[in-house]
Amino acid sequence: MSINLNPNFSEAGKRYFSAYSPADDFYELLINTHRDLTDEQSELLNARLILLLANHIGDIGTLREALKLSREGV
Amino acid sequence: MLKTYTYPRFEYTTPPEIASGRTLKVPVVVVGAGPVGLATALDLELQGVPVLLLDEDDTVSIGSRGVCYAKRALEILDRYGVGDAVCSKGVSWNVGRTFFREQEVYNFNLVPEADHHRPGMVNLQQYYLEEYLAARAASRPGIELRWKNKVVSVMQSGKSVTLKVETGDGFYTVEADWLIAADGARSPVRRMLGLDVEGKIFMDRFLIADVVMKAEFPAERWFWFDPPFHPGQSVLLHKQTDNVFRIDFQLGWDADPEQEKKPENVLPRIKAMLGDEREFELEWVSVYTFQCRRMGSFNHGRVLFVGDAAHQVSPFGARGANSGLQDADNLGWKLKLVIDGKAPEKLLDSYSEERVFAADENLMNSTRSTDFITPKSRVSRTFRNAALSLAKNHAFGRALVNSGRLSVPSFLTASSLNTPDSETETFAGRMLPGAPLDDAPVLENGEEGWLLSRVGGQFCVMYFADDPAAIDAATIAALTGLSGGGIAVQPVVISRRAGKLPGGIVHLEDRRGVFAKRYDARPGTVYLVRPDQHVAARWRSFDADRLGAAVARATCND
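In order, the protein sequence lines correspond to chains A and B.
Read in order, the letters of the first sequence correspond to residues 1 to 74 in the working numbering.
Read in order, the letters of the second sequence correspond to residues 1 to 558 in the working numbering.
Only chain A is shown next, with the shape it has when bound in the complex (with noise of 0.2 angstroms):
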């Protein structure tokens, strides 16, 4: 399966009226998730809400897209 890069945020029985809405909805939640959080704490989240992420995607042939994406320019 090929990685989705479009916009892909939405919320079962939730309807937007705007369509920056979702992508909104979704970093402020995780920005929150990080209130109050040290930064080491901080990491600690990102790194377990990542292996949590890719578990549930579960597909390692997106998982590989997804690493090579994120270390482009980094």
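There may be inaccurate statements among the hints.
[What the hints assert, rightly or not] Among the chain B residues that face chain A by a calculated CB cut under 8 angstroms, a handful are:
id: 1; residue: ASP371
id: 2; residue: SER380
id: 3; residue: PHE383
id: 4; residue: SER389
id: 5; residue: ALA395
id: 6; residue: LEU400
id: 7; residue: ARG430
Note that these hints are calculated values from the structure, not bench results.
We treat Cβ as the ideally placed atom computed from N, Cα and C, and that holds for glycine.
Chain A is fixed; fit chain B onto it per the hints.
Just chain B now, kept in the frame of chain A:
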């Protein structure tokens, strides 16, 4: 500094009550003749309610303030009679560029959606908007504008509000049935009534500069994250009218406003931004700190709060003036019905309910922009920079970049005034109960026009048909009879084909089918539209009883 604009001086005349000593009794007094106070006065006057409008000053907004007026605001301004003036003086832009450090990461072209009268947004200095609104208000017989009249005390008792007003010639007293406070973020009326506004000051400062470009500079919106000429901060460049460009420099909380404002500190920064070769002159510089807060409720007995007096947001997304104009739009018809005794005072609770909902949406969106632009922690900054670095090559990254989400009207889908769709009737599209109407091109008597200039100002029922000749006589009779009730309902028939209908019915032709598509209309489809151009109810067939019940619900008469 250069001056591209000459501020008008509005004439003060001595109020007759000073000599007579009489108390001036009026149904409605609006305090504050900024854009929202002027709009509220115009809305009420169009509804037939006479308005006394008081302002402590005698000119328009000074300096660089509101810039961007979005489509919904322009549609409302059309109803107030200044839409054309604002759109022809204002400038539109479609191209936005986003820079991160040295590089442009992406640009977008907001090609306006076809088949709407008004564009997505127009940029115009606030003083022009106020000038046009003030001229319009002065031309209306039902508005008495009193400049240099300052409210110094407010007392509310039972069914009236008593104000003491100060002028250069002395004091007088006004007794009003209703007071609308449009007196801005620091609202003296709010303070005099001892009412709270809750929220927080954002710990950030911005330097605002208006510069006049000597040479051509594109009409585009440029936004920089962490640019080399202003490291660690953000900068926004926007075109206004008269070749005046507005620049917002984020300064950070530790900056010294007095120091930053000095031309010797401002000029090098702008030069670095534009590149040294572009010539410009400074027209305005100021520093501001913004707040995000709102009152718990926008109505308190006989006092109603609109605009910044009721709610304040960060500037990202142009949600201040735009939402204030929507307050006026929401309040005018409700207050009119209450004054006329056609709706209970409870209807004004729905003003607060609906506009608090909208204010919360505006606060949420502008806070999200602020949090993206000004990350509050290291990890937040890392995520922001990651999103920006992904934006160059990936569409999903661009969707995450938030440099301001332009004001759009709220879908009041949870409003208690709506009649929910029947479970057996389904509709595609987004014109559900509570939605602000989408515009559509229509023909009326063969002439091209727009839906939104033909519905609104009063309740309307939009009845859709293929062929007007095929509408049965009973339906025609029922539609024509709607205007006879306690609350007027204007019948509007929208048909695919031309044809003749009896007088009293507004007949619009949807020749290109844009209305039918946007409203998922089939022959027999009915929409009940509120005076502020929001959907109140809709059905697949006409039923006078259901319609009557929905009008009652939308006016708290159920």
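Hint check results:
Below 8 angstroms, beta-carbon pairs count as interface contacts, and ASP371 (chain B) has one with chain A at about 6 angstroms; its hint therefore holds. Annotation: SER380 (chain B) was flagged as interfacial toward chain A, and the flag holds, the nearest CB pair being 5 angstroms apart, inside 8 angstroms. With its C-beta approaching chain A no nearer than about 7 angstroms, PHE383 (chain B) sits inside the 8 angstroms limit, and its interface hint holds. The criterion of a C-beta within 8 angstroms of any C-beta in chain A is met by SER389 (chain B), whose closest approach is roughly 6 angstroms, and the hint holds.
Satisfaction of the interface hint for ALA395 (chain B) is found here, the shortest Cβ-Cβ separation to chain A being roughly 5 angstroms, below the 8 angstroms cut-off. Interface hint at LEU400 (chain B): satisfied, since its Cβ lies 5 angstroms from the closest Cβ of chain A, which is below the 8 angstroms cut-off. The interface hint given for ARG430 (chain B) holds, since its Cβ lies 6 angstroms from the closest Cβ of chain A, which is under the 8 angstroms cut-off.
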